[in-house]
Amino acid sequence: MNRSKKIFIFIFVCILIGGLTPEGASARQGVRTDPGFIDLDRVGGFDTFFNRDPKIDVSIEGALMKLVAEASRTEDPELATLLSKLKGVYVRGYETTKAESERARKHANKIGQDLVDLGWSSVIRVRNETEHFQMFAKYKGEMVIGMVALSIDVEANETTFLNIVGNIDPGQIGRIGQKFNIGNVPNFN
Amino acid sequence: MTLLENQDREWLNSKIEAYVDGDLSLVDKQRFELLLDAEKALWEDVHLAGKISSSLRAIPDESCPDRVLVNVMAHVRQDIRQSIWTHVQRFFLNLNVAHLKPALAVVVLFLVVITSTQIGRPTENPPIEVAQALNDVKWTLAFLSEAGRSTAATVKSDVIEDQVVGPMSRNFPAKLEN
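As they're listed, the protein sequences go chains A and B.
Positions 1 to 189 (the working numbering) are the ones given, in order, by the first sequence.
Positions 1001 to 1178 (the working numbering) are the ones given, in order, by the second sequence.
Please note that a few of the clues may not be correct.
What the hints assert, rightly or not - Here are the simulated SDA-like cross-link-like pairs (lysine to any residue), alpha carbons at most 25 Å apart as the crow flies: (1) A/K85 to B/E1146; (2) A/K98 to B/T1151; (3) A/K179 to B/P1127; (4) A/K106 to B/S1150; (5) A/K179 to B/P1060; (6) A/K179 to B/E1146; (7) A/K55 to B/E1146; (8) A/K85 to B/N1125; (9) A/K179 to B/A1153; (10) A/K66 to B/N1135; (11) A/K85 to B/I1114; (12) A/K106 to B/Q1132; (13) A/K85 to B/R1090; (14) A/K66 to B/R1149; (15) A/K85 to B/A1153; (16) A/K98 to B/R1149; (17) A/K66 to B/V1130; (18) A/K179 to B/I1114; (19) A/K85 to B/S1145; (20) A/K98 to B/S1054; (21) A/K179 to B/R1077; (22) A/K140 to B/P1126; (23) A/K179 to B/H1087; (24) A/K179 to B/Q1132; (25) A/K55 to B/A1153; (26) A/K98 to B/N1125; (27) A/K179 to B/I1128; (28) A/K85 to B/N1135; (29) A/K85 to A/A137; (30) A/K106 to B/A1153; (31) A/K106 to B/N1135; (32) A/K140 to B/A1153; (33) A/K110 to B/Q1132; (34) A/K179 to B/N1094; (35) A/K66 to B/S1145; (36) A/K98 to B/S1150; (37) A/K106 to B/A1152; (38) A/K179 to B/S1145; (39) A/K179 to B/H1075.
Since the hints were derived computationally from the structure, they do not count as laboratory data.
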């Protein structure tokens, strides 16, 4: 094992240990008390709604979020800069039948209302025969500190609910996100 | 009266102080005393030198004033530094580097190889948990980006074109043509 690999593992272990310490726990707790955070399981309630666990279940926060940002620094500095401003990324994705998607579209209206009641601003809402897409933002002054997106795709039989916490530049997310292919992640495909 | 050659006399005169102080070697001392026996008058000079030496030794030592000592030591240090620097310069000027060239070439080549292997070297692969998390984050960003583009396209086609551009072009065709 060469020296740089040892150093990398040492840093990784330190960060993991840091995540287990009270300070690390408080960092995680800090994200979860952040105004830009929402508990997807509580607000969406899709586990109960669909009566099954999500097929995509992503919760990246605290030390892991920092580690992810650093891991991408060499390969993609712009992505690393964006990720370094984020505190957490949470995704719940469900594979649904057509009937479940139709039901979910009606459930989405209630979720949207709950978010507005919690102080979120509706940014985009698109509803047509095949899809339902809503996006909400939480502002602190003029800065976006949280983003929630709910997508129900009837044709693709997919329902996705996600939350990003941190200092968010939607334009930067759109630009950087274009570089990546959704199909690269095999969860839905 | 003079029994000694001039050469012996000069030698004798030059050694009087050393004799009085007891600094002569055994051979010189024997020679000195042999010559002295040959010319007894010189014993007076030896006695006189002994008295002078005793008197000088009897004078109490005076300590050097600090100001003088500091200056003297500064000069001594300067001389030592100058001496060291001169030695170093001489060492390098006299150094024959011709036979060191192959060794120097090997060292330079070694440094070049090490540097070239370090520069632009890909970083170690992150642990699988981090790689998976990074992949998930990329997917999330891609999903949001795609959703944004799709939504923008829907708004453009279903709202702007159908609800704005269409009615305007129908109601004000002439104005739009202009």
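Do the hints match the structure? See the list:
At roughly 21 Å between alpha-carbon atoms, A/K85 and B/E1146 fall within 25 Å of each other, so this suggested pair holds. Restraint check for A/K98 and B/T1151: satisfied, since their Cα atoms lie roughly 21 Å apart, inside the 25 Å limit. A distance of roughly 23 Å separates the Cα atoms of A/K179 and B/P1127; the hinted pair therefore holds under the 25 Å criterion. Distance check on the hinted pair: A/K106 and B/S1150 sit about 21 Å apart at the alpha-carbon level, within 25 Å; holds.
About 96 Å separates the Cα atoms of A/K179 and B/P1060, which puts this hinted pair outside 25 Å; it is violated. Between A/K179 and B/E1146 the alpha-carbon distance is near 10 Å, which keeps this suggested pair within the 25 Å criterion. Between A/K55 and B/E1146, the direct Cα distance comes to roughly 20 Å. Compliance with the 25 Å bound is thereby established for this hinted pair. Taking the CA atoms of A/K85 and B/N1125, the gap is near 23 Å; set against the 25 Å cutoff, the hint holds.
Simply put, A/K179 and B/A1153 have alpha-carbon atoms about 19 Å apart, close enough for the 25 Å limit, and the pair holds. For the proposed pair A/K66 and B/N1135, the alpha carbon gap of about 14 Å is at most 25 Å, so the pair holds. At roughly 36 Å between alpha-carbon atoms, A/K85 and B/I1114 are farther apart than 25 Å, so this suggested pair is violated. A distance of roughly 33 Å separates the Cα atoms of A/K106 and B/Q1132; the hinted pair therefore is violated under the 25 Å criterion.
Proposed proximity of A/K85 and B/R1090 is contradicted: the alpha carbons are some 61 Å apart, above 25 Å. With a CA separation close to 28 Å, the supplied pair A/K66 and B/R1149 exceeds the 25 Å bound. Distance restraint check for A/K85 and B/A1153: the Cα-Cα separation of roughly 29 Å exceeds the 25 Å cut-off, and the hinted pair is therefore not satisfied. At most 25 Å may separate the alpha-carbon atoms for a hinted pair to count; A/K98 and B/R1149 meet this at roughly 24 Å.
At most 25 Å may separate the alpha-carbon atoms for a hinted pair to count; A/K66 and B/V1130 meet this at roughly 10 Å. Proximity of A/K179 to B/I1114 is assessed by CA-CA distance (about 34 Å); at most 25 Å being required, the pair is judged violated. Taking the CA atoms of A/K85 and B/S1145, the gap is about 18 Å. The hint holds against a cut of 25 Å. Of the pairs offered as hints, the one joining A/K98 and B/S1054 is violated, with about 127 Å between alpha carbons and a cut-off of 25 Å exceeded.
Proposed proximity of A/K179 and B/R1077 is contradicted: the alpha carbons are some 69 Å apart, above 25 Å. The hinted pair formed by A/K140 and B/P1126 fails the criterion: a straight-line CA distance of about 34 Å is larger than 25 Å. With a C-alpha separation of about 66 Å, the suggested pair A/K179 and B/H1087 falls outside the 25 Å cut-off, and the hint is violated. For a cut-off of 25 Å, the pair hint linking A/K179 to B/Q1132 stands: about 17 Å separates their Cα positions.
For the proposed pair A/K55 and B/A1153, the alpha carbon gap of about 28 Å is over 25 Å, so the pair is violated. For the given pair, A/K98 sits about 41 Å from B/N1125 by alpha-carbon distance, which is inconsistent with the 25 Å threshold. Restraint check for A/K179 and B/I1128: the C-alpha separation of about 22 Å stays at or below 25 Å, so the hint holds. Taking the CA atoms of A/K85 and B/N1135, the gap is near 17 Å; set against the 25 Å cutoff, the hint holds.
Distance check on the hinted pair: A/K85 and A/A137 sit about 16 Å apart at the alpha-carbon level, within 25 Å; holds. As the CA atoms of A/K106 and B/A1153 are separated by approximately 23 Å, the hinted pair is consistent with the 25 Å bound. Under the criterion of a C-alpha separation no larger than 25 Å, the hint pairing A/K106 with B/N1135 is inconsistent with the structure, at around 31 Å. As the CA atoms of A/K140 and B/A1153 are separated by approximately 29 Å, the hinted pair breaks the 25 Å bound.
As the CA atoms of A/K110 and B/Q1132 are separated by approximately 33 Å, the hinted pair breaks the 25 Å bound. With a CA separation close to 64 Å, the supplied pair A/K179 and B/N1094 exceeds the 25 Å bound. For the suggested pair A/K66 and B/S1145, the alpha carbons sit about 22 Å apart, so the restraint of at most 25 Å is met. In summary, the hint linking A/K98 to B/S1150 is supported, as the alpha carbons are separated by about 21 Å, within the 25 Å threshold.
With a C-alpha separation of about 23 Å, the suggested pair A/K106 and B/A1152 falls inside the 25 Å cut-off, and the hint holds. Between the alpha carbons of A/K179 and B/S1145 the distance comes to roughly 9 Å, so the proposed pair stays at or under 25 Å and holds. Taken as a hint, the A/K179 and B/H1075 pair is broken in the structure, with Cα atoms around 73 Å apart against an allowance of 25 Å.
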